[in-house]
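Student: For reference, the chains in residue letters:
2 protein chains.
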Amino acid sequence: MTGDHELKLQCPLPVKNATVQLAHGGGGRLMQHLIRDIFIRSFSNPLLAQMHDGATWPVSEGTLAFTTDSYVVKPLFFPGGDIGSLAVHGTVNDLAMCGATPLWLSAGFILEEGLAIETLQRIVDSMAQAARDAGVSIVTGDTKVVDKGKGDGVFINTAGIGVVAPSVIVGPQRVAQGDAILVSGDLGSHGVAVLSVRESLSFAGDIASDSAPLHRVVADLITDGIEIHCLRDLTRGGLASALNEIASAAGVKLSIDERAIPIRDEVQGACEVLGLDPLYVANEGRFVAFVPEAQVDHAVAVMRGHEVAKEAARVGVVNGRESSIVVMKTVLGTHRILDLLSGEQLPRIC
Amino acid sequence: MTGDHELKLQCPLPVKNATVQLAHGGGGRLMQHLIRDIFIRSFSNPLLAQMHDGATWPVSEGTLAFTTDSYVVKPLFFPGGDIGSLAVHGTVNDLAMCGATPLWLSAGFILEEGLAIETLQRIVDSMAQAARDAGVSIVTGDTKVVDKGKGDGVFINTAGIGVVAPSVIVGPQRVAQGDAILVSGDLGSHGVAVLSVRESLSFAGDIASDSAPLHRVVADLITDGIEIHCLRDLTRGGLASALNEIASAAGVKLSIDERAIPIRDEVQGACEVLGLDPLYVANEGRFVAFVPEAQVDHAVAVMRGHEVAKEAARVGVVNGRESSIVVMKTVLGTHRILDLLSGEQLPRIC
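Line by line, the protein sequences are chains A and B. So that you can map any letter, position 171 of the first sequence is 451 in the working numbering, and since no number is skipped, the others follow by simple counting. So that you can map any letter, position 347 of the second sequence is 627 in the working numbering, and since no number is skipped, the others follow by simple counting.
Derived from the structure by calculation, the hints contain no laboratory data. Be careful, since some hints might not be right.
Which copy is meant is left open, so a pair is good if it fits within one copy or across any two.
[What the hints assert, rightly or not] Here are the simulated lysine-lysine pairs, DSS-like style, with alpha carbons at most 25 Å apart:
| no. | residue 1 | residue 2 |
| --- | --- | --- |
| 1 | 428 | 354 |
| 2 | 354 | 430 |
| 3 | 590 | 609 |
All values reported here derive from a predicted model rather than from experimental measurement.
Model the full assembly from the supplied sequences, consistent with the hints where possible.
Tutor: Next up, the structure:
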């Protein structure tokens with residue numbers, strides 16, 4: 281929408297004490313106001329300003345990566361983040377796990393009638409800030425409103441497009457016998473942070489979510505010549521589920537060492553109180569990388585150069601093709617099979 | 281996920297009488313089953329089969345179009361379609377309105393705990409069929425589950441990527457004085473069809489949704505040398521809202537003739553009963569095109585060559601730059617300003 285004509289429309293969207301109404305999703309004047317005063321203003325960029333049914337832009341020959349995630353985290357705000365920053369980080373990270381540089385995001389909002397406009401503005405501001413920090417643009421979007429009691433405040437979907445550098449191929453099919461398994465940092469903070477607010481618990485050390493963009497760590501690994509075979513961010517289901525998915529897709533046995541897995545004492549303690557296994561708890565700023573054993577020291581050093589990965593560590597190895605299985609050597613020296621969870625530990629954590 | 285290893289997992293997802301549980305969104309075994317047995321099986325294609333955090337594929341130099349929409353239509357099934365086919369058509373059409381050939385879609389599902397798996401399967405089947413019919417692939421996806429009472433069965437977000445043919449530029453900025461305004465067919469059926477089910481009304485003639493993919497009509501217009509200046513699909517807010525958005529973005533006065541606007545008698549009658557103005561009712565298989573007056577006959581002939589646009593008609597003209605306004609000459613010969621609606625006619629129609 282070109283700015284000049286928009287100025288002719290009347291008074292701005294009232295924010296103070298205002299709430300989302302069904303008409304904000306109806307295609308009429310209220311929706312125009314919401315789009316102009318909240319979304320366009322906060323996400324400001326030339327592609328979004330095209331205000332057409334979609335954004336268009338020229339690309340060079342290359343490899344695209346495309347991903348999507350919906351975010352339904354409850355509560356909307358938690359220590360270390362909110363649904364807005366999460367919706368940017370999660371999709372940026374999914375692109376990073378494809379070895380791609382994240383560039384363009386879409387944003388689809390499903391708002392519940394009665395949501396405070398101020399709450400929406402806070403979320404959108406956080407999303408815009410997270411996008412700026414990550415160097416991505418929110419170029420197209422959509423808003424729907426559902427009746428009160430048929431949603432839960434805000435759900436956000438982001439889809440993302442990135443560009444994969446030439447010759448980078450990352451995926452379970454490249455996982456090889458002897459590969460080392462690295463994790464990028466300490467585990468479990470996101471899930472515990474969200475749960476602590478939801479259950480009104482307070483833990484020593486004020487555990488904050490690890491939610492953060494990871495693409496710069498991956499980019500540096502690639503630039504530094506690390507031959508990355510596979511990447512996976514450790515979201516729903518945590519490290520144990522990610523390793524199971526990779527073991528299954530690659531058809532390999534993975535062996536990890538519990539003593540090598542970085543988990544903060546406060547998180548370990550909180551998990552014990554809550555009856556959670558931190559290996560299955562969601563993270564939003566942690567990933568696992570499969571690299572050749574010979575490059576482990578180099579890769580860990582590159583990762584530790586980033587604040588978000590300063591506790592990166594080698595936690596295991598690919599050591600067999602006889603079965604798709606994840607085995608952990610425990611602190612007691614015994615062996616435990618880490619399987620996929622059958623039930624649900626922590627609903628609506630992302 | 282490579283098929284061989286998956287076969288080692290146990291029994292398939294039970295469908296009969298089964299319902300969605302929170303654990304279906306938890307990242308564990310139940311989610312794996314849902315993804316494998318419902319989504320991968322139905323949407324089957326090589327990019328989705330990569331089963332990574334995103335899909336990657338090579339592209340040539342060119343112009344990309346990117347769009348997103350969430351679908352919250354109520355009820356989930358209606359005459360002429362359902363939320364699944366709608367989620368494909370809506371996003372395919374947004375790409376078509378950018379002058380793009382739609383190619384790749386993402387699908388993000390927000391499921392309410394307790395949803396029947398059979399219902400989900402029906403929706404996914406319909407989505408897969410609509411994607412095949414439109415020649416697009418669903419290449420990446422996501423599933424979240426929210427607690428019972430915090431959603432409404434199923435919400436679907438689709439984002440889409442298409443490729444714009446060289447030299448095609450479509451957008452409000454190209455709308456020119458003297459351009460003719462064409463609509464691709466009769467208006468109002470989608471909104472009336474959805475509302476008739478929601479309100480348990482039955483109308484003479486069994487009005488079915490017009491939901492359909494429109495990209496082939498647009499492609500033929502481009503191939504036939506029609507110089508398309510602007511396109512917009514007539515979804516939420518209908519023809520009147522779309523014309524207002526274009527008038528505002530382009531800074532022009534649009535004049536349309538009520539007698540020229542195709543509306544079926546049954547739809548007109550239903551709208552009168554329901555107190556709706558069909559010019560503001562949502563369509564999901566109709567668009568407006570701005571083309572040079574000299575090409576009107578040619579363009580209408582091309583459009584009418586498609587079943588979905590067989591009632592295409594010229595309905596008006598761009599005739600001034602003095603104000604961003606839409607004026608309609610009524611059947612009585614008087615003039616009426618068509619403004620954006622301030623309230624909401626029909627919530628959750630798409």
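Student: Now tell me if each hint is right for this structure.
Tutor: Hint check results:
For the homomeric pair residue 428 and residue 354, the shortest alpha-carbon distances inside one copy (17 Å) and between copies (14 Å) are both at most 25 Å. Taking the closest pair of Cα atoms, residue 354 and residue 430 come within 25 Å of each other both inside a single copy (15 Å) and across two copies (11 Å). Only within a single protomer do residue 590 and residue 609 lie at most 25 Å apart by alpha-carbon distance; the minimum there is 24 Å, versus 68 Å between protomers.
This entry satisfies every hint, going by the numbered hints stated previously.
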